[in-house]
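A.B. asks: Residue numbers (full-length UniProt numbering), protein chains in the order written: chain A, 1 to 457; chain B, 1 to 349.
Derived by calculation from the structure, the hints in this document are not laboratory data. No residue lacks a Cβ here, since even glycine has one placed at the ideal position from N, Cα and C. Among these hints, one or two may not hold up.
To give an idea of the chain A side of the interface with chain B (calculated C-beta under 10 angstroms), a few residues [said to hold, decoys possible]: (1) T65; (2) L66; (3) D67; (4) L73; (5) S74; (6) M75; (7) R83; (8) F85; (9) V88; (10) L95; (11) T96; (12) T117; (13) L118; (14) G122; (15) Q149.
Cβ-Cβ distance ranges computed for the label pairs, FRET-style [what the hints assert, rightly or not]: (16) A:I110 with B:S337: 35 to 41 angstroms; (17) B:R273 with A:L174: 45 to 51 angstroms; (18) A:V29 with B:R321: 35 to 41 angstroms; (19) A:D91 with B:K231: 50 to 56 angstroms; (20) B:E36 with A:R58: 54 to 60 angstroms; (21) B:R273 with A:D43: 28 to 34 angstroms.
To list a few chain A residues with every Cβ distance to chain B over 12 angstroms, as calculated [claimed, not checked]: (22) P107; (23) L175; (24) R201; (25) R288; (26) D338.
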Amino acid sequence: MRISGSIRRRLFIQLALVAAVLSLAFFLVVRGVAERAAEGTQDDILSASATAIADSLRSEDGRVTLDLPYSALSMLGSINEDRVFYRVVSDGRTLTGYADLPQPNVPPRISTPSVETLTYRGDEIRAVSVTRPVGTGVNAAQVVVTVAQTRQGLAAISRQITATATGIGVGFFLLATALSLWAAGSALAPITRITGSVTRRGPTDLRPVQANAPDELVPLINALNSFMGRLRASLSRTEDFIAEAAHRVRTPLATVRAQAEITHRKLNKPEHKQAIREMIRAIDESSRSAGQMLDHAMVTFRADSLAQDALDLRALMEETCDRLAPTADLKDITIRRDLGPDPVAFTGDGILLQAALQNILDNAIKYSPDDSDITARLTLNGSITLSITDQGRGFGDTNLSDLTTRYMRGANVGDIVGSGLGLTIADEVAKAHGGRLEISPNTKGEGACVSLIFPRA
Amino acid sequence: MCFADFPARLTGILLGLLLSISAAQGFEIEDRRLFEATDERTRLSVISTADLDVFEPIIRAFQASHSDISVDYVVTGTTDLMQALYDEGASFDLAISSAMDLQTKLANDGFAQTHTPTASATLPTWASWRDQLFAFTQEPAVVVVSDRFFPPGEAPQNRDELIAILRANPELFQGKIGTYDVRRSGFGYLMATQDSRNSDAFWRLMEVMGRLDAKLYCCSGDMIRDVASGKLALAYNVLGSYAVAQQNTTDGFQIIEMSDYVNVMSRTALIPRTARNADDARIMLDFLLDLRSRKDLVAASGLPAIDPAALLANPSLRPIRFGPGLLVFLDSLKRQSFLRNWENSLLQN
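Chain B extracted, bound-state conformation (with noise of 0.2 angstroms):
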């Protein structure tokens, strides 16, 4: 994202409104930008997962064709979304998060409008619920490994693959592993919880990176950033689509799908039951599932669309499926024992 081009002023402005909104809100704001429509007739309010920069060209090609909407995009982390439109009931247009269980506890508790997308014929039956909540990408979870540790064609290809290699280096490996801390990042819970009940290596995997003393992050990027630079020799569970991007600017890191399974998530849109502009949500909401068709978008934003294609093709790809399942890990009690299960695992110093 490049910052050059926007006005030094309307940034201070826009660092007060943040500032501002932040002491009145609990969530948390990370990013904030207006897209200034070029005759605004209508302002869009967006809640976001999505960082600015991931996001950028698609809210610039929206406005090329709609030059009357001005796009308000606020950038915030899964749990902080959840709580905003959840707890707070705060007002957006459009909420669009990773975290699948989380935008499907909001649709299940009626905290989203229903929309019949203008593309539904061509829309995956399972790449929607309740025409409430629609995914528009779809993004492996992936293991990134730094080339310093594996030189190109040693990496681990299976978790038992992994956990094997693991185990064998433990003096190697100390304190260079990486992966989500569940307790703060939706999406690492996602992925955590949908292991714990794709395979049991997970548990198994989960020890062994205890025992070498895992580094937990927030973050996808600063994971890459950290494989990349060498501080890491291995990453778990890190979101493809960014992996992705940053091998396009950063050297030295591979990305491994796992040839076991690979969680492969969706980022969905919905429009919140608080929404003051759903009528233009529906013409965002049906421009982002119309990414499929818009190549340079999925270049430019490194956000890689619906594909029912390649799932039919790799047979590994296991998508995280829409339905009230995903409300299980979000029970309090389970949450609260899967967490103690991880901890006790991960967590042995």
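So here's chain A without its partners, still in its complex pose (with noise of 0.2 angstroms):
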């Protein structure tokens, strides 16, 4: 699996984004409005002022003449301090105010105020001029009242919008910040329990998913709840090709052993006789090793899903050496039990410690020699030791560690057939109960001693 980046990581990048981005457009829409506000409440202001001195004008003796109202400039200190200017031009002639105050661009309409920004004695002017006819008839003078006002005010409440705007659009955006944190979190909250529900299930649950699931989830869900249920299918198949291989490779070969045996009685010639004997050894070595493979294959597929039966150890070592007593008879091998007087409870997979013990003793009888004993022993201390030693000839130098390995045979096996998968049947087992296996020389004499350990429950 490759991890390619975080839902959660982008989910909250991308809600953090949003949230800027709509910070950031709030900052510029509550500046804009609260300037545009205060530009056109000094807009307003300069308009009222204009429109005063305006209404002042009067014609005396065919002369413009002005009355500048009191209000007139004393109200555009109301709001600031900034510099104030006028003009009152009639008919191109400055009547009164500042002689070099510029004049609007676009003339106004008697009834539309002009409003422009300019440069006058190097500060930045809002000029607002209303014209007005003063006089009657034909002698009627065009007069343009100009009155304008530096915009410093205008700017330190600009700063203060600014910064208003700021802290609030940074309030906003570190509150959606930590909201989206928190969505991301709780967006991703029910992958997290199904996660938890599939990881807490035992190895052989292979139920489907019944965690509640958003809708998002349920394809996701589904598709897991069918793959296992095709894992399931093929788990049960395998299990069924075990038992049918097992079964159908065993009784051909059983089959022609009994076969090859009549031809031996009926065989006269001594080097007849030897070839059919070779023949059943190979028969019995095949027939041995196809039973191990499919033990070892069982014990592969059985330990991943352990049964939990009930079970007595010390009735399952007496069936073992019951089982293998004539194999043993066969070289004249004593097995000497000795397994105490009580039964001893376990639970595990009777049919893979059957299997365990049975490769052990096999082994044992395999390696002694003809007229020698075989222990089987079963004690118990801290732990549950089921034992087998022989009086065979050892592992010779090999490393014990080894023998546990898929295929890897003893040293010293010289010319005994052997499929290397015995003792790894058995240490698999072992593990798969929690327990281990332990190989050691025969401390009385020649030999060797394999146990089974298993912690008591």
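The two chains are supplied separately, each in an independent frame; assemble them into the complex guided by the hints.
C.D. replies: This is the structure:
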């Protein structure tokens, strides 16, 4: 699996980016609106001032004159301490005020004052002009009244608004970021929940996932459930196959062996008898190997889903010894049973344990010389030890831990045929039950001691 | 003021200097003195409308704490000060004037530098404008009456009473009324224009005074002197601070604050754009703004310091507020029409 980023991080970053964009938009809108409002206030007061001056214009003896109203200029001082300029022009001639104050670029009309931002005496000014005809008839003069104010107060308000809008924008962003962190976590909570419920399952639990899932996860859960269904079916097919194969391979081999023995009896020539004996030996080995391979396959399969049967290890041991006693008899080998008087309760997979014991005992018989003893012992102390001790050739110089490796055989097997699977099977069974396989030389003379050691329940 | 300790030699030099400057410049210097520092490092040139003897204690106190600054103190009239800075571009480091309107025009038209006073936190907001123009005194315009004409307790207390008394006794007051010639005095013009805004009684009063052939003055000092001597029965719109200062040395007159309203003017200081030594001007300006905490200087100079509590205590005190409104009566048409009205009322003969 290749980890390609995190949904949580991506979700968080995207939400935070949205929050940032919104904060910026908020900041711009607030500042824009507030500045326009502040600008509008200044424009309104300038208009009121210019109108008040225009209203005081009058014609005296055919000449335009003006009685500048006190309020016209004093009102401009009410909202800020900006510098104030004004100019009254009658037919192009400055009547009063600042003669160098620029005239509006767009001449105002009677109904609508003109509003402009200009530069005057090194400062930016806002200028409002109104026009008014003064006098009557043909003598009427067009008078333009311009009132202007610097914009330092506006700049101060703008700075204040910018600071406020920045504060609110940053606050909004931080809040939204914190919320998106929470939202990302909350949105992914179902995934965590389902992951947990799948992780907590036992190794054999292949039932469909039942946890509550949001819409978006339903396809994933369905896919997972369908996959587990197929896995379940596949596993069950494997189990069937193993049983079937064991049956199909062993039965014909048994028939062939029976026929070979009959033939052996009928033959008279010693070289022919020898050939048939070789054949029978090969058939036995094939049967054994097939059995071990199937055992191993079964162990591998069953170990993944270990059965929890209530067992009596003593009875299991007895049964194994009984089963192999005829084989041992062929070589005049006595199996001594040192199993104690009481049943030993154990929870585990009986078939696997039996397969393990059988392989160990079978190995012992195989490598023991004729007319020797094999001791099967069951001891209880801190743990349960099932040991098989023989008087065979031991393992020579082989590294004992290598013996449990698949297809690895001892250094001194010589002419004895084997698959190298016996101890592997025993080892895997021991591990599946939480125990271990211990291989050591026989402490009382020649031979080896192979033990299965399980913890006591 | 006392010239006795001033070396005659230096006076001579100064006079020569005065004449030479007068020749070169259009504005008229009334008085001038160089307050030499004990160890001069810099020289601060101050143009002011306040008389030398009024300002001398302040300058001496300033130099006591800043012994390395020499102060070149030039006294002139309010209009001359305006002319010097506005029209002639004369260079001064600090401009102190009693004409708030002209000072406002200087600041409004960009002839002042911005200054952030060290005491800005304690300064009332109305005492400064644009951080360029700073008020440091609070001086009422009062009526000064002669004891010879008004026995104690009989002086008029408001403008209506004043008008009634003048109307009732024309023969007694004929030629015995004094007021500012607003055409010559910036302070007089400011007070008269503020009067015209505040009360309708003002034009009636001018009318009555015109009928009584009022005498016109340039300065408060002259009016107070003439009232004290009995040459005048009454002087209208006299600078209260001067009257109080005169009362300490001269008998024979009372100071009346009208109960209907009293215009309160402030002396203002600004640092002109043309200042060559703005750094020391800022130190001096801060010193002036701290005048409130120097009771000894207030007493010595006779300049009442800013006192917001007094304004709260007496609602008839009407401080003249800074702002573009003060520019209105400086408008040429407005001034023409105001002066025409004033002349029509006051100059009836």
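A.B. asks: Now, for every hint given, state plainly whether the structure supports it.
C.D. replies: Checked hints:
| no. | hint | in the structure |
| --- | --- | --- |
| 1 | T65 | holds, 6 angstroms |
| 2 | L66 | holds, 5 angstroms |
| 3 | D67 | holds, 6 angstroms |
| 4 | L73 | holds, 4 angstroms |
| 5 | S74 | holds, 3 angstroms |
| 6 | M75 | holds, 8 angstroms |
| 7 | R83 | holds, 5 angstroms |
| 8 | F85 | holds, 8 angstroms |
| 9 | V88 | holds, 8 angstroms |
| 10 | L95 | holds, 7 angstroms |
| 11 | T96 | holds, 4 angstroms |
| 12 | T117 | violated, 18 angstroms |
| 13 | L118 | violated, 15 angstroms |
| 14 | G122 | holds, 7 angstroms |
| 15 | Q149 | holds, 8 angstroms |
| 16 | A:I110 with B:S337: 35 to 41 angstroms | violated, 26 angstroms |
| 17 | B:R273 with A:L174: 45 to 51 angstroms | holds, 47 angstroms |
| 18 | A:V29 with B:R321: 35 to 41 angstroms | holds, 37 angstroms |
| 19 | A:D91 with B:K231: 50 to 56 angstroms | holds, 52 angstroms |
| 20 | B:E36 with A:R58: 54 to 60 angstroms | holds, 58 angstroms |
| 21 | B:R273 with A:D43: 28 to 34 angstroms | holds, 29 angstroms |
| 22 | P107 | holds, 23 angstroms |
| 23 | L175 | holds, 36 angstroms |
| 24 | R201 | holds, 74 angstroms |
| 25 | R288 | holds, 107 angstroms |
| 26 | D338 | holds, 105 angstroms |
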